[in-house]
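Undergrad: Take a look at the letters that make up each chain.
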Amino acid sequence: MKRVLIVIAVGFLLAVLPFIVSGYWLGLITQAVILGGFAMGLDLLVGFARMPSIGHSTFFGLSGYGVALAVTRFDVAIWPAVGIGLLLSLIAALLFGPLAVRMRGLAFLTITLAFGQLTWGLTTRWSSFTNGENGIPGISRPSFLWDIETVVGYFYFTLLIAIAISIFIIIFAESPVGISLLGVRNSDTRMSALGYNIHSRRTIAFVVAAAVGAMYGILNVFYNKFIGPGSLSWQLSAQMLLSVVVGGPVSLWGPFLAGSGIVILKTMLIGTTQRWPMVLGLLYVVSVVFLPGGIASLLPKVRARFEKMFRGRVTE
Amino acid sequence: MIANAHQSEHVSLLSIRDISVQFGGLLALNAVNLDVNAGARYGILGPNGAGKTTLFNAISGFVDPSKGEIKLNSKKLDGLPSHERVLRGLSRTFQITTLFPELSVLENVLMAAQVDAGKHQVFWRAANSHKEVMQRVEAQLVDLNLSRLALSTVSALSYGEQRLLEIAVALASKPSVLLLDEPTAGLSAAEMRSVVDLILKLPQDLTIVLIEHDLDVVFDVSEELSVLHFGNMIAQGPASQIREDPLVREVYLGEA
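Protein chains in written order, with the working numbering: chain G, 1 to 316; chain V, 1 to 256.
Accuracy of the hints is not assured; some may be wrong.
Stated by the list, open to error - Using C-beta positions, here's what the derived DEER-type ranges look like:
#1 G:V10 with V:D214: 52 to 58 angstroms
#2 G:T110 with V:I96: 28 to 34 angstroms
#3 G:N134 with V:D78: 54 to 60 angstroms
#4 V:E132 with G:G105: 35 to 41 angstroms
#5 V:E132 with G:I91: 36 to 42 angstroms
#6 G:G105 with V:D197: 38 to 44 angstroms
#7 V:R193 with G:A304: 37 to 43 angstroms
#8 G:A107 with V:N48: 31 to 37 angstroms
#9 G:P98 with V:N48: 35 to 41 angstroms
Bear in mind the hints are in silico, worked out from the structure with no lab data behind them.
Glycine included, each C-beta is placed from N, C-alpha and C at the ideal position.
Generate the whole structure from the sequences, applying the supplied hints.
TA: Next comes the structure, spelled out in structure tokens:
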């Protein structure tokens, strides 16, 4: 409950951003919220259940493609197209998930990569339908309670949905099912000996992370008014996986922070260096070596430091 | 007195018929029979490699027997995955401590208790908000003198405390049959005593099957015994009789 309140409070804080920052930055922050939220959902799979997926951009991209194709190829109205997009991702997750969760560790990583490459390959090759490498432009945003065509309007739209999804993730994480994901990561044997079907638990983690990715994929396609195979790329999956690791698995807020931070860092650096992946790699190495618990592990340290300062003052 | 289906008419709670387990060329269990009555304290004795843990694995569904039949409450368990056997009332501990090392003592017990309370599919409410689950967890921790450690991480516990928690977690599933796989393995004499006392204090209607290496523990706890040797059941009967059995003395107690 406390964490739900924190999410709402942070949401309110972010809501003042349009009064402070420029339109350029607001757009960037919108993107940052989208990818940060995606990373937060992935934490349920990678952090909680400790299943390192390098294919979850599949569900992020597929929902976007679902919307785009439904609108441009089949003249579906926008809101129903959103439903189709989400459904497409969900079906893919329910198809890939139960197969992938039978693998562990590196094998799981590899099979998620394979599934991801499958959808990426299909999308890039099937040009007559998906427009291949060129992607699908000209996707208009749906009508909503307020005008979301403007940068500010779309920021608030994204923020609202991100808050809703984050609250769901937090409630889910603290629920009996969420706790059981922590059990699955620790000991399969013990979990089955306690009456848990471990394959179904792992599938739940896989599908929920995919569903969260799919929802942010929808926000992404409307933000860009465009979808291309980049949204399905393994590089995006890897960036998300990295966000979870750098942010601090299981903390939820850490991956959100890292996921959005990486977007902003990338945008700032891409103008000055051609070697963005190298910077990302360096970031990963540094964080693994010096901060194995991720950004989230800093909080207890900071807290301890404050407590020490406070205590020091009291005893003085 | 010998628990044997051919001689007694009444149906035992846990009944094992002709169970064989084959690992490649090794016959780990050879047509083993076992009948455990409700409320029994049943001991399984045998030297290393005798097949004791394999027997537990077969009962709890972690290995598939190549032949034979296992019944709990007259219902066949064969082919059921291990997690479904738990829901039928079977719970076990492991010889090698199998807990969630990164979670707290409370969370470890909670993981078991929420299944028995039927709350393990709930995803819309905090796990610690189910009153009946929390009360049960608390009671379990109090029973086993673990409440002061409730919030400690398991990896920070002593080995003896972990062995106790292993039993607490198995008990939190509220089983009708509890399989204890060498609960005192590696414990000091004092710790061993406290585990034995704990087992003796467990409710009389709980059926306990105990694998033990330590003869004092086995004879303290169990009224009836089976002795395994290289996968064969070489003796079965009341504890007093097993103690005197010449074959058992030869293979297990090392007497000619």
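Undergrad: Next, verify each hint and record whether it holds.
TA: Each hint, compared with the structure:
1. G:V10 with V:D214: 52 to 58 angstroms: 57 angstroms, holds
2. G:T110 with V:I96: 28 to 34 angstroms: With Cβ atoms ~29 angstroms apart, the hint holds.
3. G:N134 with V:D78: 54 to 60 angstroms: 58 angstroms, holds
4. V:E132 with G:G105: 35 to 41 angstroms: 37 angstroms, holds
5. V:E132 with G:I91: 36 to 42 angstroms: With Cβ atoms ~37 angstroms apart, the hint holds.
6. G:G105 with V:D197: 38 to 44 angstroms: Check passed, 41 angstroms falls within 38 to 44 angstroms.
7. V:R193 with G:A304: 37 to 43 angstroms: 40 angstroms, holds
8. G:A107 with V:N48: 31 to 37 angstroms: 33 angstroms, holds
9. G:P98 with V:N48: 35 to 41 angstroms: 39 angstroms, holds
Consistency with the previously given hints is maintained throughout, with no hint failing.
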